[in-house]
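2 protein chains.
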Amino acid sequence: MNKIKVFAPATVANVACGFDIMGFALEGVGDVIVVEKTTDNKLTIAEITGTTGIPTDPEKNVSSVAIQAMLDKLGSDQGFSISIEKKVKPGSGLGSSASSSAGAVVAANHLLGNPFKKEELVEFAMEGERAASEKPHADNVAPSIIGGFTVVRGYEPLDVFTIGYPEDLYAAVIFPEVEVKTADAKKILKSQVNLSDAITQWGNVAGLTAGMITKDYDLIKRSMKDVIVEPVRSILIPCYDQVKAAALENDALGCNISGSGPSIFALARGREAADKIADAMGVEFTKADIAFDKYVSPINGKGTEIID
Amino acid sequence: MNKIKVFAPATVANVACGFDIMGFALEGVGDVIVVEKTTDNKLTIAEITGTTGIPTDPEKNVSSVAIQAMLDKLGSDQGFSISIEKKVKPGSGLGSSASSSAGAVVAANHLLGNPFKKEELVEFAMEGERAASEKPHADNVAPSIIGGFTVVRGYEPLDVFTIGYPEDLYAAVIFPEVEVKTADAKKILKSQVNLSDAITQWGNVAGLTAGMITKDYDLIKRSMKDVIVEPVRSILIPCYDQVKAAALENDALGCNISGSGPSIFALARGREAADKIADAMGVEFTKADIAFDKYVSPINGKGTEIID
Chain A
1 MNKIKVFAPA TVANVACGFD IMGFALEGVG DVIVVEKTTD NKLTIAEITG
51 TTGIPTDPEK NVSSVAIQAM LDKLGSDQGF SISIEKKVKP GSGLGSSASS
101 SAGAVVAANH LLGNPFKKEE LVEFAMEGER AASEKPHADN VAPSIIGGFT
151 VVRGYEPLDV FTIGYPEDLY AAVIFPEVEV KTADAKKILK SQVNLSDAIT
201 QWGNVAGLTA GMITKDYDLI KRSMKDVIVE PVRSILIPCY DQVKAAALEN
251 DALGCNISGS GPSIFALARG REAADKIADA MGVEFTKADI AFDKYVSPIN
301 GKGTEIID
Chain B
1 MNKIKVFAPA TVANVACGFD IMGFALEGVG DVIVVEKTTD NKLTIAEITG
51 TTGIPTDPEK NVSSVAIQAM LDKLGSDQGF SISIEKKVKP GSGLGSSASS
101 SAGAVVAANH LLGNPFKKEE LVEFAMEGER AASEKPHADN VAPSIIGGFT
151 VVRGYEPLDV FTIGYPEDLY AAVIFPEVEV KTADAKKILK SQVNLSDAIT
201 QWGNVAGLTA GMITKDYDLI KRSMKDVIVE PVRSILIPCY DQVKAAALEN
251 DALGCNISGS GPSIFALARG REAADKIADA MGVEFTKADI AFDKYVSPIN
301 GKGTEIID
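Those protein sequences? They're chains A and B, same order as listed.
First residue of the first sequence: 1, per our numbering; consecutive thereafter.
First residue of the second sequence: 1, per our numbering; consecutive thereafter.
Chain A on its own, in the form it takes in the complex:
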């Protein structure tokens, strides 16, 4: 096999209290990546469609940087040509660059005869993330590659695991057309937090983890709280409080910022509930004359998939 097409899903990271550690993959929205073996020992970005402003320089594009990290590990100089159909807009807070990194390494790994397990690919995709931001994180690339609900326990060494979740758990995601730069979202966070707030946060992390695994909706709902990041970052997102209130009034289990925003996600029990929540969230942006995209999706348990 010399050519492969994969679908790498968009992802929600910073799930409520799980800032920097929890993420999950969405269905139906993500990047389509075509990777083809070449004979010139080079990585080339052949085409990027669906958006503008993404670097085609293989030393700057997250997909080629991620594949290069994998080739370095293998000591290989295999050449690849990469085409990217962006369906996750950069700056959405839905792991746009992560989808491109994830799809690229899964595709190249397959063309090389799968020398690595999916879990092992997370580290290479993280290197792609390094090209997009100073500090590489795994909380978007992990769910995009592996699928499901993932937890990054730590980085030294990288330790990612997946946890169970209720089968009828759905996400309602709304992406308003406003710009929140990840760099700004990072800058607004203080480097020190109150110990008492940190304890509250990790109490909720334990609750959300246990609630997901034991499929305890009530515990999930009680635990989907973020006392550290949301109070600060939500200021950068117009209508945040109204959108969140609309989600909760419509029986969302919780509603928080997706990634570093501006997308906002809610979790719900069942598709019908999630549809209703997404509609209610949309109404708030419409009132404020802000255009938006919305997605309703179960948790995507498969991660990056080969589609051709």
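One should not assume that every hint holds.
Same chains, same names: a pair is fine if it fits in one copy or spans any two.
Straight line, CA to CA, 20 Å or less: simulated EDC-like cross-link-like pairs of lysine to aspartate or glutamate [unchecked claim]: (1) LYS186 - ASP197; (2) LYS190 - ASP251; (3) LYS225 - GLU156; (4) LYS215 - ASP159; (5) LYS135 - ASP197; (6) LYS187 - GLU27; (7) LYS87 - ASP251; (8) LYS225 - ASP159; (9) LYS37 - ASP308; (10) LYS221 - GLU156.
Don't read these hints as lab results, they were simulated from the structure.
Keeping the supplied structure of chain A fixed, place chain B upon it in accordance with the hints.
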């Protein structure tokens, strides 16, 4: 029934990364509390054996304060006489006052015809804890009452839940005869922590929670880390580093401070492993000429029990 005798187990709180939220109950070590109905509408501490220095003033003793909180909720002026056989030494870091509070409320609740569920008693026992320290915590009283491995998700309102754990999980606990005042242990903690450390901590909290529930020993082991409290408080405990090293060299899953110390606990797979670890920990205190007690116990799934 007018008289009842209960056994309220000692507990390990502040389980590794789970500072202020996680605790578990031990078998075989705890307080024996006898509560008897009286006709004088008063709470009386009839006898305290096994230790000295515990207040017999019913407004200061944790057992009577805890029962009073329950009576206040019921609007009852029932009198009780309370006898306490302390087998958990105060200042051990094994939830000594919590055992007395826990046993008292379980006993009185039973004599009153069980108006409250065990989970509901935690709040009253916490009031007992208020008599012993400024800020009442639930992380010792919850496991002593309910048993098992408990998590205090939060306090507003009080939200306690239990999680599963592997059947062959054992604790090795060592209590050196040195004094660490809880007040000193609290003072030494900074009120602010690095966000990056807090993230590391809650990554481990997610890992420990998931590891316990899914019985994944390797994940438990990787997650039993405390980057916030142990580095500071362990300074107050002589030989801490040597004792911890001895536990880990003998295949402990993890080893940390129990409560606010000076007791140190390790978790292990199986009784044999826990015995070996307890012995190895003891050797270090013996070398330093420090007397100690040690306990090896499975997780006590029953909590406070009626024994007569």
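Results of checking the hints against the structure:
1. LYS186 - ASP197: both (19 Å within a copy, 16 Å between copies)
2. LYS190 - ASP251: The answer is neither: 32 Å in one copy and 39 Å across copies each exceed 20 Å.
3. LYS225 - GLU156: between (27 Å within a copy, 13 Å between copies)
4. LYS215 - ASP159: between (24 Å within a copy, 17 Å between copies)
5. LYS135 - ASP197: Classified as between: cross-chain Cα gap 16 Å, same-chain 24 Å, threshold 20 Å.
6. LYS187 - GLU27: Neither: 31 Å inside a chain and 49 Å across chains, both beyond 20 Å.
7. LYS87 - ASP251: Classified as neither; 29 Å inside a copy, 49 Å across copies.
8. LYS225 - ASP159: Intra 24 Å, inter 14 Å, cutoff 20 Å: inter-copy only.
9. LYS37 - ASP308: The answer is within: 15 Å in one copy meets 20 Å, while 77 Å across copies does not.
10. LYS221 - GLU156: Only across copies: LYS221 and GLU156 sit 15 Å apart there, 31 Å inside one copy, limit 20 Å.
In this structure, the hints that do not hold are numbers 2, 6 and 7, in rising order.
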